[in-house]
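For chain D, the structure is supplied; the task is to place chain U on it using the hints.
Number of protein chains: 2
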Amino acid sequence: MARVLDGKALAAEVKNELKLEIANWVNLGHRAPSIRCILVGDDPASHTYVNNKIIAARFVGIDAEVIKHDSSITEEQLLREIETLNADSNVDGILVQLPIPETMSERKVCNAVAPEKDVDGFHIVNIGQLCVDMPTMVPATALAVIEMLKRFKIETFGRNAVVVGRSKNVGLPIAMMLHSDKKHDNGLGMDATVTICHRYTPKEKLDNFCQNADIIITATGVPKLIKANMVKPGATIIDVGITKVTDENGKSRLVGDVDYDEVSKVAGALTPVPGGVGPMTVAMLMHNTFQAAKNLRTKSALQ
Amino acid sequence: MARVLDGKALAAEVKNELKLEIANWVNLGHRAPSIRCILVGDDPASHTYVNNKIIAARFVGIDAEVIKHDSSITEEQLLREIETLNADSNVDGILVQLPIPETMSERKVCNAVAPEKDVDGFHIVNIGQLCVDMPTMVPATALAVIEMLKRFKIETFGRNAVVVGRSKNVGLPIAMMLHSDKKHDNGLGMDATVTICHRYTPKEKLDNFCQNADIIITATGVPKLIKANMVKPGATIIDVGITKVTDENGKSRLVGDVDYDEVSKVAGALTPVPGGVGPMTVAMLMHNTFQAAKNLRTKSALQ
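Residue numbers (the working numbering), protein chains in the order written: chain D, 110 to 412; chain U, 110 to 412.
Just chain D, with the same shape it has in the complex (with noise of 0.2 Å):
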């Protein structure tokens, strides 16, 4: 049976470590490092998320406040909200809980937060800096994969990863580190080989890169896509997707993109769903928060 990637009991880990070392940070005469949640509307699963991160914020010892709008606010209400937080020296990170209402662009939304406070990493400078490995803010759940990559010590360098799904807050951030070089500045690179599959990779093409490789990064939403099958004995497989599906009682409950019961027979190591990236997600936006305080506290210094 594969070895189960344990995604909740690795970010209580790391959110322990984070706690430790905003204490140490806050002994050092800093102000706890902040962060502001900017929610529109009533989705109740952008509700529970941005509650989540709340509580680890909460936890970690940032200091954390969500701030509710209903869906009737307009784009430039939102965007001037934003330029205020940008100007706001008690605020080290700002987060647009997505989706916002269709009526708004979600584009003009991510980049109009400050670069350097944007720890959801959906800047357009973020996302170029993270392209040339430069330090940079990188998406959460991108960087939760890379994390469990690491401290789970999944080989990577020369090895094939395939990323299921080509989006652009979490299959291209990650395709990007699983790519790049190690010895480069940001020291995120993975040196992988790597195929980047979505909707237009014809299923039997999706069979044989799958049964390939050595590492799956699915992030589809598409429940039991990634079937024992398709997966090479050994292999390991970190399974982005989250989907709320009902059975045959009536009862809803959350499911990734792997045939999780057949796959766990085949891989080598496996995420579980929920209590994999999931939590992981969250631990490193608190990570992110807490290296914006740092860097703008650097920034600040310098001028």
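None of these hints come from the bench; they were simulated from the model.
Zero decoy hints are in this set.
Pairs involving identical chains hold if they fit within one copy or between any two copies, as the list cannot separate such chains.
Lysine-lysine pairs mimicking DSS-like chemistry, simulated, CA-CA at most 30 Å apart:
| # | residue 1 | residue 2 |
| --- | --- | --- |
| 1 | 312 | 333 |
| 2 | 291 | 217 |
| 3 | 277 | 259 |
| 4 | 353 | 259 |
| 5 | 312 | 341 |
| 6 | 314 | 277 |
| 7 | 128 | 408 |
| 8 | 217 | 277 |
No experiment lies behind these values; they were computed from the predicted model shown.
Quick look at chain U alone, frame taken from chain D:
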């Protein structure tokens, strides 16, 4: 025998189109688009490249000047010069010919060019925009490859493409466009399944990926890296490599990454070196410069 994808002839076509479009633009009362090429040091290849760019620019009706410096110029002086060109409303495109002396930070210099005048597409803002499918300045070589695939009508949708080489200015942006969604904003997506191979891809894995590819884009500078036994019959091969080699008679010539004579017996279509991607790169730089001129005009009209 493989169809020869004649980049020289295609570049002539593109430049003739641009010449006409620019003449129309000037007839409308606009000043001619303009580019300034900064050339530091005395590398003969760089001088040749810049010279080719100037000749092409003048042919299409772009006002082009070289600004030469010897290699004793400091980074600070170079940055100041770029600042001046950024602020000059008579300059549309700024190009710093790489490599620059090792005493300078290439990244810092590339990021100093105003993104809207960055006709090389190396600024992190332009890279970030490319990644999220926004309209942007695309590095000319990468754009040349995509334009060749389009104009030579090479189908990419759902096909396997391998990019050999992960350089930030060539391999990376090519992989970005090849895997992206055609339907998105900038219209550059090619919807292929893309594998990024590099120096740490083990030889037998590189062979496998290439044998499985409908399209191979190689940009490594390793002569004869791509051999006939690595190529699927009928595949398309775009050779971005360009290396000066000296033959047994002491005569030097330019070669690509592909073992041309042998591969052309197997491949369906193949670019020669020289006369393939090289001339198209220059043509696409002219395209970018004209685009910069139009963008700047639109921007100033809106202000």
